[in-house]
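Enquirer: First to last, the protein sequences are chains A and B.
Residues in the first sequence are numbered from 1 upward in steps of one, following my numbering.
Residues in the second sequence are numbered from 302 upward in steps of one, following my numbering.
Calculated directly from the structure, the hints in this document are not laboratory data.
Predicted, not measured: the structure shown is a model, and the values here were computed from it.
A portion of the hints provided could be inaccurate.
Below, a list of computed lysine to any residue pairs in the SDA-like style, where the Cα atoms sit at most 20 Å apart [as the list claims (entries may be wrong)]:
1) B:310 with A:105
2) B:726 with A:12
3) B:647 with A:82
4) B:505 with A:82
5) A:127 with B:647
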Amino acid sequence: MIRVEGLAKNFGGFQAVKGVSFTANEGEIFGIAGPNGAGKSTIVKMLSTILSPSSGEAEINGLDIRRDAQEIRRIIGYLPEEPRVYDYLSGRSFLRFFANIYGIRDTDRRIQEMLKFVGLLEHAGRKIGDYSKGMKQRISIARALLHDPEVLILDEPTMGLDPASARELREKVLGLRDEGKTILICTHYMDEADFLCDKLAILNQGKIAAIGKPEALKARVGKKRYVSVVLEETAGDRERKFVRLLKARQRGRAILVEAADTGLAIKRIHDASKACGVRMLSIRNVEPSLDDAFIEFTRGH
Amino acid sequence: MDPALQLFKWELSQIFLDRGFIAKIIIGMGISLLLLPFLLNSLSSFATNVNTPNLPFVYKIITIGVVGEYPALVGILEGNTLLSVIHLDDEENARRLLANGELNGFLAVSGRSVKFVGNGNPLSSLAELQVREALDKVVKAGSNPDVKVIQEHSIEPFVKGIISPFIIFSPLLLWCLPIIQSISYDRENKMLEALFSLPIDRRKIFLAKVFANLAFAIFASFVWMLVLGAFGLNFVNFLGGLVMLSAISLLIISLNGLVSTISSNVKNATLASGIVSTIVFSFLFIISLLRINPYLAEFSSVSPVTYISYQVSGILTPFPLETLLLLLLAIISANLLSVAAFSTEKFAFSLNPGIAQLYEGMQELLGKPAYSAFAMGFVAFCLTLPVQVISLGILLFISSSYWIVIFLLAAMEESLKFIPLGVMKPSNWSEGALWGAIIGLSFGICESVLFAPHLEFIPLRAIPIAAHSLFTLIMGAGYGARRPYLGLSIAIILHFVYNETVLSRLI
Chain A
1 MIRVEGLAKN FGGFQAVKGV SFTANEGEIF GIAGPNGAGK STIVKMLSTI LSPSSGEAEI
61 NGLDIRRDAQ EIRRIIGYLP EEPRVYDYLS GRSFLRFFAN IYGIRDTDRR IQEMLKFVGL
121 LEHAGRKIGD YSKGMKQRIS IARALLHDPE VLILDEPTMG LDPASARELR EKVLGLRDEG
181 KTILICTHYM DEADFLCDKL AILNQGKIAA IGKPEALKAR VGKKRYVSVV LEETAGDRER
241 KFVRLLKARQ RGRAILVEAA DTGLAIKRIH DASKACGVRM LSIRNVEPSL DDAFIEFTRG
301 H
Chain B
302 MDPALQLFKW ELSQIFLDRG FIAKIIIGMG ISLLLLPFLL NSLSSFATNV NTPNLPFVYK
362 IITIGVVGEY PALVGILEGN TLLSVIHLDD EENARRLLAN GELNGFLAVS GRSVKFVGNG
422 NPLSSLAELQ VREALDKVVK AGSNPDVKVI QEHSIEPFVK GIISPFIIFS PLLLWCLPII
482 QSISYDRENK MLEALFSLPI DRRKIFLAKV FANLAFAIFA SFVWMLVLGA FGLNFVNFLG
542 GLVMLSAISL LIISLNGLVS TISSNVKNAT LASGIVSTIV FSFLFIISLL RINPYLAEFS
602 SVSPVTYISY QVSGILTPFP LETLLLLLLA IISANLLSVA AFSTEKFAFS LNPGIAQLYE
662 GMQELLGKPA YSAFAMGFVA FCLTLPVQVI SLGILLFISS SYWIVIFLLA AMEESLKFIP
722 LGVMKPSNWS EGALWGAIIG LSFGICESVL FAPHLEFIPL RAIPIAAHSL FTLIMGAGYG
782 ARRPYLGLSI AIILHFVYNE TVLSRLI
């Protein structure tokens with residue numbers, strides 16, 4: 001279990017984390033989402049005992065992050081934001097180095113297990129320097145799991161991975177949760193947070209803007225439904241006029257029109273398309289997503 | 302096994318497994334060995350083809366005894382400006398005086414044979430040269446063509462002792478490099494962040510890296526001494542030589558560790574290490590060479606190079622414990638500073654570390670600014686020595702004006718004490734004055750310990766210690782009152798006046 005109470009961190013005059021509190025229960029995936037610079041990594045580094053907090057308290061499985069730092073490092077598996085690896089070592093030697101430091105018994109069997117788990121068994125003899133970014137991330141995950149930690153702290157675990165590898169990794173994280181591990185995960189992919197997290201804190205400028213189950217967070221912005229419209233590509237200036245007229249938001253090719261009443265909104269959209277002389281390729285209802293919650297709670301950033 | 306021990310074992314194995322690095326050391330040793338035959342050959346020819354060194358600044362610095370009668374030879378010797386000649390009754394007495402150091406050598410004349418006996422030290426070798434030149438003149442004059450010289454010692458070991466350290470120490474610099482790779486590479490690749498999440502104390506991580514390099518250095522020193530022995534360069538006391546070589550290695554490793562800790566990447570750290578090692582070795586060599594000056598000969602034993610020189614030139618000397626203690630003091634200081642920087646939390650993440658980070662770490666380690674100020678005084682002192690040696694060397698090359706030299710000494714010492722104040726940044730005049738006084742105090746104490754040849758001399762250094770404290774107090778107050786350069790200028794002027802009035806009289 002991870003219990004955080006009023007945790008804060010200052011770097012000189014800059015307050016990166018401003019009194020954050022949350023609890024992640026055993027066997028639960030707790031997510032921290034937020035825009036870049038919101039303080040996600042700082043929280044993770046404090047919980048991993050790499051940084052010491054300026055104020056506040058935090059406990060991991062009853063151990064205090066200040067007093068019992070050494071013991072905490074034994075029971076956590078920490079995956080930094082980017083793979084931290086020795087390029088000149090082979091995957092197997094890299095794991096052996098960490099296995100020796102953790103004093104793992106039956107090292108060879110455990111390394112074999114981990115290589116299999118992250119799908120690198122065939123590449124174990126190759127130098128890490130020759131690995132792709134995804135493979136480096138996978139060997140780092142094997143490193144973080146090597147000593148069978150009770151608590152996993154993962155900072156942006158799928159960043160830079162291709163969609164298939166990312167999906168595979170998420171499945172593995174769910175599997176680890178099912179084994180009873182407590183998992184803290186930092187991400188700025190909302191679909192990932194939605195898929196993985198039992199509980200989620202949305203962080204903005206060092207403070208928790210919202211916290212709760214993903215469904216609950218979605219429900220909180222749920223009153224706002226949208227209709228998404230895609231116009232023909234040649235619309236140009238007329239498209240801009242169309243957006244202005246409907247007071248809509250543009251996200252990629254899609255134009256999102258706020259719709260308290262969907263029927264009324266569709267009528268307004270039709271009127272506007274006629275007025276602006278644009279042709280619609282598609283029009284559909286959009287259910288609120290965690291993305292909307294994220295945008296809503298971090299607005300003004 | 303303890304995780305720190307595991308890390309030590311792993312770091313050590315990485316050094317041995319780095320084939321490129323081992324090859325570099327072997328090449329380094331090979332190049333040094335290629336120079337060895339030239340050294341040994343040149344020594345044997347040097348011993349038979351020497352001329353009197355041109356030493357216009359010395360007068361009667363060598364004392365030799367003469368036992369027996371040989372007026373033609375003694376007359377020439379008495380006319381030599383370098384020599385004082387004492388007439389003695391018997392050889393036993395001459396040997397006793399030679400052993401006491403009251404004589405640098407003696408001539409024993411018996412019938413038609415002349416024997417020169419020296420103790421092998423540089424002055425004795427110089428005495429031998431003078432005697433040989435005098436004998437040449439006697440022989441040329443044709444007065445006694447059957448005279449022979451029996452040498453018990455020659456200048457060869459002395460020259461061997463001067464040149465061979467260059468050969469011995471060249472590969473040493475190489476085997477002290479892994480610590481740079483081990484710290485700077487980890488920092489550059491952000492591996493330190495992963496290491497800091499392991500169940501090992503940060504200080505132990507640093508020490509595991511240092512000790513791994515040291516273990517390798519001891520092994521390399523041992524092998525190198527065996528190789529040198531096989532090529533004819535033997536150490537009189539193998540164990541003593543090994544201890545001293547290992548201690549010098551540890552000093553360089555510690556300094557390399559320190560520069561790696563405060564450098565942003567491997568390239569900068571290697572460059573800084575090259576500069577630091579050159580300065581340290583030049584300094585140790587210069588101190589060691591002081592043994593050719595009779596007034597400063599005692600001072601030369603401070604340098605570990607002196608011991609190594611005596612070892613390879615076949616002169617049995619007791620192991621210099623004081624030298625080892627001084628080395629250990631420097632080693633402990635460098636490592637304390639590194640550990641201080643290493644334990645700051647910014648260390649793993651900062652890409653541009655530096656002296657400020659060192660100070661931050663020191664504060665974390667020591668707790669109070671007053672303690673840090675004391676430690677910073679020591680840092681300033683460590684910087685002073687090489688800076689003064691180099692700049693005075695350059696200055697004396699350009700001009701040897703007394704006024705310029707003593708002004709420069711004052712300006713350099715005060716400017717180097719100014720650096721810690723710049724790092725500590727006192728916020729008001731009283732804080733600046735207190736910290737300044739402590740920096741000066743520590744600086745003065747370090748200077749006194751180094752420059753006092755005997756411990757009983759230290760009380761006499763109370764005046765310079767107090768003076769240093771006062772100058773830096775004024776400078777610190779100026780800094781705190783936001784007039785840093787005014788404070789610095791006043792401190793330099795006061796120091797200059799003090800050098801001129803007090804110090805010149807004390808000397």
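Enquirer: Now look at each hint and say whether the structure bears it out.
Expert: Now the hints, each set against the structure:
In summary, the hint linking residue 310 of chain B to residue 105 of chain A is supported, as the alpha carbons are separated by about 17 Å, within the 20 Å threshold. A hinted pair counts as satisfied when its Cα atoms are at most 20 Å apart, and residue 726 of chain B with residue 12 of chain A qualifies at roughly 15 Å. With a C-alpha separation of about 18 Å, the suggested pairing of residue 647 of chain B with residue 82 of chain A holds against the 20 Å cut-off. As the CA atoms of residue 505 of chain B and residue 82 of chain A are separated by approximately 25 Å, the hinted pair breaks the 20 Å bound.
Under the criterion of a C-alpha separation no larger than 20 Å, the hint pairing residue 127 of chain A with residue 647 of chain B is inconsistent with the structure, at around 30 Å.
Hint check: violations occur at hints 4 and 5; the rest are consistent with the structure.
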